[in-house]
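Novice: What follows is each chain in one-letter form.
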Amino acid sequence: MQTAVFIACAVIVLGGGVGVVISRNPVHSALSLVATLFGIAVLFLQQDAQLLAAVQVIVYTGAIVVLILFVLMLLGVDREEDLYEEPLVGQRTLAALVGVILVGGVVAVIVAGGSAVVTGQPSATQPISTAMSNIEQIGRELFTTYVFGFEVTAALLTVAVLGAVVLARRRHDLAPIPEPEPISTAVADPIIADDEVAG
Amino acid sequence: MLDQNLNIAYLVLSALLFGIGGVGLMIRRNPLVMIMCVELMLNAVNLTFVTFGAMLDDIGGQVIVFFVLVVAAAEVVVGLAIVVAIARRRPSATADDIRLLRG
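Chains as they are written, first to last, in this note's numbering: chain A, 1 to 199; chain B, 1001 to 1103.
Check each hint, because a few of them may be wrong.
[To be verified] Only some residues are given here: those of chain B computed to face chain A with a beta carbon under 10 Å:
| id | residue |
| --- | --- |
| 1 | L1069 |
| 2 | V1078 |
| 3 | L1101 |
If you are wondering where the hints come from, they were derived from the structure by calculation, not from laboratory data.
Cβ atoms here follow ideal geometry from the backbone N, Cα and C, with glycine treated the same way.
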């Protein structure tokens, strides 16, 4: 049963992830992201992290994706990207190579190590409790052991909100940025080009 | 409590998801899609944290996901503000066009 749930969620998560990357329309990417986040929420449930599963759905799919979709609507949803042309030569090949090396390395270590890949001792001070509910235990930890980090988090959120307000404020004294020339036609090295003109 | 082989499968799944997000971040040029790819990578890391917490019987693995969530929310807010600020002055900008600081 657990394996069946895992396989179903893994398919949803990976399918959604691939959908985010290959969708031409950003709205489709956002919807694929929702599928991935829901799949991960179910996986959290299976790992007995009930509070995190709820927070994942409320905060991620409820707030963050809606915020992204809102900005998409604000900027115009009809902007589709042409994924067939590749403006930087070899970019995708290199990116795929880096990705394969990264994932291959991590997966090789995990599979070769088996369950010994996680080093360290089972927790002595904060084991996952069966007496307390998940939400109660996380709340206790947050307000006792991690209370300093919790306060820093509050400061971070305040700074982020202030930054967003300052950045998104409309300023009238700024001229529009002119369209730059495309990279493909730009002169590769201005110094050499100047010499050629002078010579 | 899950069986250890399934926990290993969780780790492999999050590695794959992290790779997909990373490759997407490298090949896409729409800044909004790039932000979504960063979210994919953050979620992969969250899943790893929860799995490690379950394997080591430690609630800290779930607490730290909370902090990751908050940082992700802050990152999205500031990132979207930057996207909006750029799009106001250059409606068709992609990540390749933002190169005023290029040497």
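Novice: For the restraint on L1069 (chain B), tell me whether the closest CB of chain A is nearer than 10 Å.
Specialist: holds, 6 Å
Novice: Report holds or violated for the interface hint on L1101 (chain B), using the least CB-CB distance to chain A and a cut-off of 10 Å.
Specialist: Nearest chain A Cβ about 13 Å off; hint violated.
Novice: Taking 10 Å as the limit, does the beta-carbon of V1078 (chain B) come near enough to a beta-carbon in chain A?
Specialist: holds, 5 Å
Consistency with the previously given hints fails for number 3 only.
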